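Residue-level listing of the chains:
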Amino acid sequence: MLEHVVNGLVLGGTYALVAMGLTIQYGIARIMNLSFGDTIIAACFATYVLFSAFSISPLLALLILVPAGYGFSLVIYKVIMKPLVARAPDEGALEVDSILVTFGLLFVLQGVLLTLFGGGYNSYSFLNTPVNLLGTVVAGNRLLALVLSLLIGAVLVLTLYRTRWGMVLRAVALAPQSAPLFGIDTDRAARTAFAIGGAMAATGGVVVSMFQTFTATAGVVFTMKALIVVILGGKGSVPGAIVAGLLLGLVETFVAAYIDPGLTLAAVYTVFLLLLLVRPNGIFGKA
Amino acid sequence: MTMKTSFAFALAGLALVVLALAPLVLPDYWTGVLLGMTGYVTLATAWALFSGPTRYVSLATVAFFGVGAYTVAVLNEVMPYPLVLLCAAGIGMTMALLVGLSTLRLAGVYFVIFTFGLAELVRQTVSWWEVNVTYTMGRYVFLPFEGRHIYWQLLVLAAVTLLISWAIGRSRIGLALKALGDDETVAAHAGVDVTRIKLLLFVISATIITLVGAIQAPRWTYIEPSIVFNPTVSFMTLIMALLGGAMRLWGPLVGAVPLFLLFEWLSVSFPDHFSIILGLLFILIVFVMPNGVLAKFDDLRKGNRA
Amino acid sequence: MTYSFAEAVGTARRLMTCATAAAVLATAGAPQLWAQDAAPVTIGYAISKSGPNAGGADMTVTPNYELWVEEVNAAGGLRMPDGSQRPIEVIAYDDRSSAEEVVRAVERLATQDEVDFILPPWGTGFNLAVAPLMAKFGYPHLAGAAVTDKASDFVKRWDSSFWFMGGSVDYVAAFTEILVAEREADRINDKIAMISVGDGFGIDLVKAARPSFEAAGFDISYDKTFPPETSDFSTMLSEASNSEADTFVAFSYPPHTFALTKQAKVASYSPPVFYLGVGAGFPVYPGIAGGSVEGVMSLGGIDPDNALNAAYRAKHEEVVGRAPDYWGSVLIYASLQMLAQTIERVGLDKEAVAQELSTGTFSTVLGEETRLENNQLRAINWVGQWQNGQFVAVSAEGGPGTKPVSLPKPAWE
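Keeping their order, the protein sequence lines are chains A, B and C.
So the first sequence is numbered by full-length UniProt numbering: it starts at 1 and just counts up by one.
So the second sequence is numbered by full-length UniProt numbering: it starts at 1 and just counts up by one.
So the third sequence is numbered by full-length UniProt numbering: it starts at 1 and just counts up by one.
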């Protein structure tokens, strides 16, 4: 029983880590980023190249790739998203526009990765060491994902709720229309939030690449998992993303252990669909 | 029927005849292109039937499409083909009723995500059922159909779909729909039974989509969930309908035909860079519609009404 | 590689039947052959360059197509029955892992591009999707990357189809034989823990495996199927471990195979028999596993003493830049060699080519005398095992082309 709780939390840690970036992009920058998973995959490939060609440890790669993810997303926001935000008459229009434009971006990223690396499977071994956690042996790299997601989550929550800068971001998330009336630079806030999301996608990519096999076209799998976590947790809610991510990990593990491994994903979607019907705004969303 | 409509009908009828005769003179490849195109025209028109007026962006297309194809795969050896199609339509309809009843109160992006989740749930459940209950994964469809036979069936379905779409647009429901698209609350106050109309449209649309999947199934000989529940189908349908304008009768057709040909041309000419070019085109399309795709919806509707 | 072509010429001469000789005369007599010596032979294929199938196609199929074309063209082109040579021109499409695309691409190759030959796509499902079209347009269908137990039925349905990868029953039967011998030697108990991926490949194998294991007196104490998207196997591995089976079998795809290996290492789960699916025969597998994978078993395997195969592997590494996998690659490549030798004997007439493929004997990387039985390749290595850094073909006792299996598997490092 405890074994399954531990395994579930470790698995859920990955989901939470991957989803936090998306919830910030969607909640604060108001961009429904369908190319999020492909950003993760790009980071996976970058880590892989750094590790295999330059022998740079994936942990050090974080120092390179997290700022790179931030910068990349910042540029994407300035070039592609900002004109869309500027021209959108209302939130619904921006939502549709951003879904379509990031859908295009998804293909571009995927195409570039395919051209550079081909369609094959990629995987390597790093930190695949047994760690004993409450009597259950888990992989070091997976545990790292859990620890990182809790750590980053805590930092984000503290920043959002305890600093002036965080208040600005939350204000933009709550009332993008009226925030400028209080002298808030909404564009800057949105841009920063989108870039932070990109940095977190890079973090997720670096960590995930340590234990998961990835291909150039696997991005959509991450996007969808992250999207489910985001909607479950309530859009824009960092604690929501963490709770929802861990919850999904637990659901998958318990279904695999007590019902049937074949039904893990069916169970995830059932939980998701049911929760959507009962609480359309997510666990932590505003009613 | 006015002069103008009878003329339009005559023209559409003529086009239909020409299209139906095409496979007799065209090489198989072009019949295949026509087949794929007709499939998407039907999907996009059926999709717009529900999503256009209600503005509910559905990604469940492939859930119904796949169920249709799978029904054929399961039943093609136990009953005659027309009956199989009937069964497929019945299953699609029942599923749409259940889904519609439980979800149509969701709005906006939640509906989008829900429908995507639904498609995945259906795929997972079908897989699990096949693996654990029937012990078969991968079914064979050995029906004596060539490309042109499938094409003719799709052509009929496309014509029927357009006809339904036209009839709904002219009926009392059509008027109610216009009110619905403008403002759901106002429409409700005006005595329009919003939920019932939405449900009705969803069921009609889903049934047609199920039939498209069922008719196309014999083309692949071998069917397994990963083949028929390919999410690309949902995305392509959505894009085609949105591009052409989901509010107009001919909109989805106008979107589907050029996009389909474009995809075909790209995959022939740039097989190695298809993704990149497709993605860039997509971004371009969004930027070329200066007021956003949703605003284009409204422009078109206003244009239509004038 | 040139020497094997020379040999092939010899074999061809010796074995040419009256029927094929007549076909040769007919084709060789065609005037355009004399007129335009260097007109290319067009060969088309549609393969998954993107989408979920790209990983498999990129490992096993596409590199071999490219390698073969490059080799043939470097040697001056395909040799015709009259001794002239014609270069190969390739038309390649991306089916984007969509069944509808692959069907249309084959229609396009056949009726628009009017290519001389069409090479098959990757995967059982896609090969079956194009099989009716290949038959309809009269193209010989050399189905490479397709594992199916129904090949004998398909051969009847489409008589110009050829199946090069065997069926699940074959793979499972060979593996069961090894298990029985191990049990009799008292090295393993009679329990098997088995998991499989929930798609065509996994289910086909598991369906063959259940009756085979049970008939041999084994008790399948854990038997579960997981969705293809699964990435975490810790729970399944711990359940398998709890089942006290000495044999662990996973009919998995590469992402699962890699994850299973990594997680089994972390959990120190090292049963005496550790058998995995696709991916365990990839040359990159030991690197991915991060250390020794001694004793891990899977489908396929090579005979390290086979000089032809060794030469092929070296050439593949040189041209493609990486080694081929230890299972399907060599079979695909052999099918292409057979096609080239057939063309040399009978020319480009599709019907004659199909006839010759069906009855001829060929010199391929698999051996000097490769031939098809009922349009199916049977000279396949069914079970392989990692031994001393190589994935070798094994059988219970060893034999021609196979090493004796070495069990129990040593513990992970």
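Quick caveat, the hints were computed from the structure, so don't treat them as lab data.
Treat the numbers as computed from the prediction; the structure is a model and nothing was measured.
Misleading hints may appear alongside valid ones.
[Unchecked claim] Within a straight-line C-alpha distance of at most 20 Å, the following computed SDA-like cross-link-like pairs (lysine to any residue) qualify: (1) A/K82 x B/L280; (2) C/K207 x B/Y29; (3) C/K409 x C/K207; (4) C/K136 x B/W129; (5) C/K136 x B/E146; (6) C/K150 x B/N76; (7) A/K78 x B/L121; (8) C/K224 x B/V25; (9) A/K78 x B/I283; (10) C/K136 x B/Y135; (11) C/K136 x B/L26; (12) C/K207 x B/N132; (13) A/K82 x B/T125; (14) C/K207 x A/D260; (15) C/K136 x B/V33; (16) C/K207 x B/I283; (17) C/K224 x A/D260; (18) A/K82 x B/L284; (19) C/K150 x B/R148; (20) C/K156 x B/E77; (21) C/K136 x B/G13; (22) C/K224 x B/L280; (23) C/K156 x B/L143; (24) C/K224 x B/L284; (25) C/K136 x B/W128; (26) A/K78 x B/W129; (27) C/K224 x A/I259; (28) C/K224 x B/T134; (29) C/K136 x B/L280; (30) C/K150 x B/L284; (31) C/K224 x B/T125; (32) C/K150 x B/T134.
Status of each hint after checking the structure:
| no. | hint | verdict |
| --- | --- | --- |
| 1 | A/K82 x B/L280 | holds, 17 Å |
| 2 | C/K207 x B/Y29 | violated, 37 Å |
| 3 | C/K409 x C/K207 | violated, 26 Å |
| 4 | C/K136 x B/W129 | violated, 34 Å |
| 5 | C/K136 x B/E146 | holds, 10 Å |
| 6 | C/K150 x B/N76 | holds, 19 Å |
| 7 | A/K78 x B/L121 | violated, 37 Å |
| 8 | C/K224 x B/V25 | violated, 52 Å |
| 9 | A/K78 x B/I283 | holds, 14 Å |
| 10 | C/K136 x B/Y135 | violated, 31 Å |
| 11 | C/K136 x B/L26 | holds, 16 Å |
| 12 | C/K207 x B/N132 | holds, 11 Å |
| 13 | A/K82 x B/T125 | violated, 41 Å |
| 14 | C/K207 x A/D260 | holds, 18 Å |
| 15 | C/K136 x B/V33 | holds, 18 Å |
| 16 | C/K207 x B/I283 | violated, 46 Å |
| 17 | C/K224 x A/D260 | holds, 7 Å |
| 18 | A/K82 x B/L284 | holds, 15 Å |
| 19 | C/K150 x B/R148 | violated, 28 Å |
| 20 | C/K156 x B/E77 | holds, 19 Å |
| 21 | C/K136 x B/G13 | violated, 32 Å |
| 22 | C/K224 x B/L280 | violated, 43 Å |
| 23 | C/K156 x B/L143 | holds, 16 Å |
| 24 | C/K224 x B/L284 | violated, 47 Å |
| 25 | C/K136 x B/W128 | violated, 35 Å |
| 26 | A/K78 x B/W129 | violated, 48 Å |
| 27 | C/K224 x A/I259 | holds, 10 Å |
| 28 | C/K224 x B/T134 | holds, 15 Å |
| 29 | C/K136 x B/L280 | violated, 38 Å |
| 30 | C/K150 x B/L284 | violated, 48 Å |
| 31 | C/K224 x B/T125 | holds, 15 Å |
| 32 | C/K150 x B/T134 | holds, 18 Å |
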